[in-house]
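Chemist: Here is how the chains run, residue by residue.
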Amino acid sequence: MRQWSRGLTVAIAGSLTACAPFLPQPPVPVEDREAPAPPPRVEVPAELERIPPPAVPPEPPPARQEVPEPAVADQPVPGPAVVALLDAADQYSASGQREQAAASLERALRIEPGNPVLWHRLGRLRLQERQWDQAIALAEKSNALARGDKALQAGNWEIIAAAREAIGDATGALQARKRAQGLRE
Amino acid sequence: MPSRPNRKRGKKRSRRRAVTPAGLWLFQLVLIVLFCGATYVIWLDHLIRTEFEGKRWSLPARVYARPLELYSALNIHPGDLIHELELLGYQREREVDGPGEYALAGDTLYLYSRTFEFWDGREMSRKVRLDFAGDRVTGLADAATGKPVPVMRLDPLLIGKIHPEHREDRVLVSFEDIPPALIDALIAVEDRNFFGHSGIDPRGILRAMWINLREGDVVQGGSTLTQQLVKNFFLNRDRTLWRKFNEIIMSVLLEWHYPKREILTAYINEVYLGQHGALAVHGFGTAAEFYFARPLNELRTDQLACLVGLVKGASFYNPRRHPERALQRRNLVLAQMRKLGYLDASEAGKASSAPLGIAHSPGWSSAKYPDFIDLVRRQLQQDYRPEDLRSEGLRIFTTLDPYIQDVADAAVSRVLAGLEKNRGMPGNTLQVSAVVTNVATGEILALIGGRGNGIAGFNRALDARRPIGSLIKPVVYLTALSQPDKYNVHSLLRDEPVTVRQPDGKTWIPKNYDNTAHGQVPLHTALEQSYNLATINLGMKVGVPRVIRTLRQLGVHREVEDYPSLLLGAIDLTPFEVAQLYQTLAGNGFTVSLRAIREVLDKKGRPLKRFAIRIRQSLDSRAVFITNFLMTRVVSNGTARILAARFPELMPVAGKTGTTNDLRDSWFAGFGDNVLAVTWIGRDDNKPAGLTGAAGALQVWAEIMRILKPAPLSLAAPENVAWIKMINGRRSTDDCPAAIAFPYIQPYLPEGEAWCERAPVLPGRPVPAIPPWSL
Numbered sequence: 000m001r002q003w004s005r006g007l008t009v010a011i012a013g014s015l016t017a018c019a020p021f022l023p024q025p026p027v028p029v030e031d032r033e034a035p036a037p038p039p040r041v042e043v044p045a046e047l048e049r050i051p052p053p054a055v056p057p058e059p060p061p062a063r064q065e066v067p068e069p070a071v072a073d074q075p076v077p078g079p080a081v082v083a084l085l086d087a088a089d090q091y092s093a094s095g096q097r098e099q100a101a102a103s104l105e106r107a108l109r110i111e112p113g114n115p116v117l118w119h120r121l122g123r124l125r126l127q128e129r130q131w132d133q134a135i136a137l138a139e140k141s142n143a144l145a146r147g148d149k150a151l152q153a154g155n156w157e158i159i160a161a162a163r164e165a166i167g168d169a170t171g172a173l174q175a176r177k178r179a180q181g182l183r184e
Numbered sequence: 000m001p002s003r004p005n006r007k008r009g010k011k012r013s014r015r016r017a018v019t020p021a022g023l024w025l026f027q028l029v030l031i032v033l034f035c036g037a038t039y040v041i042w043l044d045h046l047i048r049t050e051f052e053g054k055r056w057s058l059p060a061r062v063y064a065r066p067l068e069l070y071s072a073l074n075i076h077p078g079d080l081i082h083e084l085e086l087l088g089y090q091r092e093r094e095v096d097g098p099g100e101y102a103l104a105g106d107t108l109y110l111y112s113r114t115f116e117f118w119d120g121r122e123m124s125r126k127v128r129l130d131f132a133g134d135r136v137t138g139l140a141d142a143a144t145g146k147p148v149p150v151m152r153l154d155p156l157l158i159g160k161i162h163p164e165h166r167e168d169r170v171l172v173s174f175e176d177i178p179p180a181l182i183d184a185l186i187a188v189e190d191r192n193f194f195g196h197s198g199i200d201p202r203g204i205l206r207a208m209w210i211n212l213r214e215g216d217v218v219q220g221g222s223t224l225t226q227q228l229v230k231n232f233f234l235n236r237d238r239t240l241w242r243k244f245n246e247i248i249m250s251v252l253l254e255w256h257y258p259k260r261e262i263l264t265a266y267i268n269e270v271y272l273g274q275h276g277a278l279a280v281h282g283f284g285t286a287a288e289f290y291f292a293r294p295l296n297e298l299r300t301d302q303l304a305c306l307v308g309l310v311k312g313a314s315f316y317n318p319r320r321h322p323e324r325a326l327q328r329r330n331l332v333l334a335q336m337r338k339l340g341y342l343d344a345s346e347a348g349k350a351s352s353a354p355l356g357i358a359h360s361p362g363w364s365s366a367k368y369p370d371f372i373d374l375v376r377r378q379l380q381q382d383y384r385p386e387d388l389r390s391e392g393l394r395i396f397t398t399l400d401p402y403i404q405d406v407a408d409a410a411v412s413r414v415l416a417g418l419e420k421n422r423g424m425p426g427n428t429l430q431v432s433a434v435v436t437n438v439a440t441g442e443i444l445a446l447i448g449g450r451g452n453g454i455a456g457f458n459r460a461l462d463a464r465r466p467i468g469s470l471i472k473p474v475v476y477l478t479a480l481s482q483p484d485k486y487n488v489h490s491l492l493r494d495e496p497v498t499v500r501q502p503d504g505k506t507w508i509p510k511n512y513d514n515t516a517h518g519q520v521p522l523h524t525a526l527e528q529s530y531n532l533a534t535i536n537l538g539m540k541v542g543v544p545r546v547i548r549t550l551r552q553l554g555v556h557r558e559v560e561d562y563p564s565l566l567l568g569a570i571d572l573t574p575f576e577v578a579q580l581y582q583t584l585a586g587n588g589f590t591v592s593l594r595a596i597r598e599v600l601d602k603k604g605r606p607l608k609r610f611a612i613r614i615r616q617s618l619d620s621r622a623v624f625i626t627n628f629l630m631t632r633v634v635s636n637g638t639a640r641i642l643a644a645r646f647p648e649l650m651p652v653a654g655k656t657g658t659t660n661d662l663r664d665s666w667f668a669g670f671g672d673n674v675l676a677v678t679w680i681g682r683d684d685n686k687p688a689g690l691t692g693a694a695g696a697l698q699v700w701a702e703i704m705r706i707l708k709p710a711p712l713s714l715a716a717p718e719n720v721a722w723i724k725m726i727n728g729r730r731s732t733d734d735c736p737a738a739i740a741f742p743y744i745q746p747y748l749p750e751g752e753a754w755c756e757r758a759p760v761l762p763g764r765p766v767p768a769i770p771p772w773s774l
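Protein chains in written order, with numbering that gives the first Met the number 0: chain A, 0 to 184; chain B, 0 to 774.
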């Protein structure tokens, strides 16, 4: 558990410092403008890709819930308020206070509702709590917002894969795992 | 066997006969009296101990609004922040040196926040400076060190209490939180010898008599604080000697069992200090909130003295009703404190010259947010027994944003008064309802259940089921767009007369609002202009059961009948249910349950229950996105285009008007990226209100959003949605100036060669001030 939380903290610290500079996505035209070209990608540093996708045994011990924290690319840098709340969420998670961590993440979501990292983090929290449906839905929500951020999307697919596996959907899990791998290549 | 007792009796009798002094009778009598007396005292002792130890004051549940989060980059007008601070009872000072104070210097606001116990821990009191540039916080830093503070919370506004049966209001204070000056003042006027006596104070009675004689007024009572506490415990107020006797015995017993500080704390929480409507105000904590709208530990000496003055007669010295008397009494308390050396001359002088400083209204009022509190109560009843709600001192943290609620309340009054005036209706003809939510979290930010003058307690937002009219149309179009191989934004629909046979055998001939059939129209135009015939034809083709399934996925759980008239909104929903439906649209197909409560804590601040975000992907994001895009065109080009014309700065937003038969119900539902609102105007007697969606409910919506200025809809397309430039229903070249980009689901893109023409012929373009076909 402790190891897990240390890994999490390191991963988050990495992901936040590795944030791409703010790349504003031009508002999509309502009427008469061309659709925006996808914003340029930021290469994900190799060390952030280190954690292999988790192997999931049928009855999940805590270790299997370790989903790698994806690097944040392409997304606007979170403001200091959200960074502080993410920190608080980490500390709560590290001390096993998951609902407190969730409360901090929800505070952050009220400030930056469109930040896919926050939805992803909430999804991981629910995965740890074995709320599989919520984990899947939150990862899907994050994916819907994480346009062009392959690393984050891969992380979301890994959450989905782990949750599907846990509810006995082996085929679905395999598909999700493949999506994740495809995005990481 | 029987002979022995006889013998004994005989002996006894003979002995008694032998020695029969009256003394023995007396002795026996004394014994009996002593025995009875002792039993009685033991009984009293039991009574007082049970009362004192078992004293679990029933505490009302306290209901809080959302706490205001402060951080750099927050959009808030300084005036709105100050308004919030004033609601919270913060005092404006020149220099900020204690919790609950603020000061304004140019574009900088200094603020000393209060410590508050939240679900996720304690938010510590801190002194900060906020720098503003216009309506934006540009810096938030510790006032002393200048170190940036990333984020902090103000204490939340108390918006209501759920009270116990016996109608007491109480805010418990622990000994540590009692201001020393309060104890000084109490001792000075009520019980000078409190720390010396053992429950009763004969010298105190004599002194009180003497002082009262000398002052010619009842300055001091003879009862000790302990006696007063006992008196309060046993509410019997008759002034008999017997009661006095009991009181004395119990006071002595109480003192014998418990230390002074416990007795004092109990006294401070128990004493009766006023009446708030039907509610008795008990204890100094409650009184501080009631008279000064601030916590007890923030009161100044003069304010504490004012409260202590109330002990003698809460009604006679009521500072709201009899400010003169209250002031006199307060200064008497201060003088007494000065005499006993609790205050020096300058302190006493300063305190005596201060105004009473009573808050206009109590620190909270259930009357201010009745509709929202009603919703909270209903959601709580699913998890808590009514008696726990009323007595366990639960702390309920809700989602209400008091600022948004105030804005919505004001908007409703302005718009409705204006509508009634312009249309020559008698005042208060129209009724109204509104639900404002946070798109991402599903939190209810504000709720309006009606205007004050209607049926009392009728919460229209939750209970008034009305046909939703054209608010159903996006559901029909979404159902079609969910089959991208069959439908896209430019699919041609037949806006032609149709006769529908309902399952009950009746035929139904729907019409367009302008009584005109428009022939073949593109799908986007049909929704923008809310054409009934095109919608019916589309819906019949797609299939009503399929539309019902979409409705379910959007979060409508009511029984829906499989009638074609459903396609034009023949379904009765409450504004709350409509908000849930549109919430899923605004969430691009993700349903979040609407919530009014975030967390529940027990009276000690320990977390009990949290209502977390619960989310579900119910629909294909791409089809929902395209539907939302079409709803932005309802606002820019369609039945709600008055909105874009009047408030271009708010665009784009997605919205839909709704009007029902004979103009009975006027609806509008609309959202940007973060805020969604559903508004309704109609009449309680269900007579025609005479308003289309655009002419009525839209006005309320616009008036709310004009002030809130929510973030527009970002319209960031999901993956696999392509923007294709179109002109007159055909694919255009990329540089074609008059072409418009429309979203398409891949791979179902429009075919044909790209072309361009100069003047596009767009249907439905004429612009009357208020569109006549806003069904």
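A portion of the hints provided could be inaccurate.
Pulled a few chain A residues facing chain B out of the computed Cβ check, cut under 10 Å [to be verified]: (1) Asp-89; (2) Gln-127; (3) Ile-166; (4) Asp-168; (5) Leu-173.
Computed footprint of chain B on chain A, listed as stretches where at least three residues anywhere in the stretch have a Cβ under 8 Å from a Cβ of chain B [to be verified]: (6) 105 to 119; (7) 132 to 139.
Hints are computed from structural coordinates only; laboratory data are not their basis.
No experiment lies behind these values; they were computed from the predicted model shown.
Using N, Cα and C, we set each Cβ at its ideal position, and we do this for glycine too.
Chemist: For every hint, state whether the structure bears it out.
Modeler: Here's how the hints hold up against the structure:
{"no.": "1", "hint": "Asp-89", "in the structure": "13 Å, violated"}
{"no.": "2", "hint": "Gln-127", "in the structure": "14 Å, violated"}
{"no.": "3", "hint": "Ile-166", "in the structure": "15 Å, violated"}
{"no.": "4", "hint": "Asp-168", "in the structure": "15 Å, violated"}
{"no.": "5", "hint": "Leu-173", "in the structure": "20 Å, violated"}
{"no.": "6", "hint": "105 to 119", "in the structure": "holds (count 7)"}
{"no.": "7", "hint": "132 to 139", "in the structure": "holds (count 5)"}
Comparing the model with each numbered hint stated earlier shows that hints 1, 2, 3, 4, 5 do not hold.
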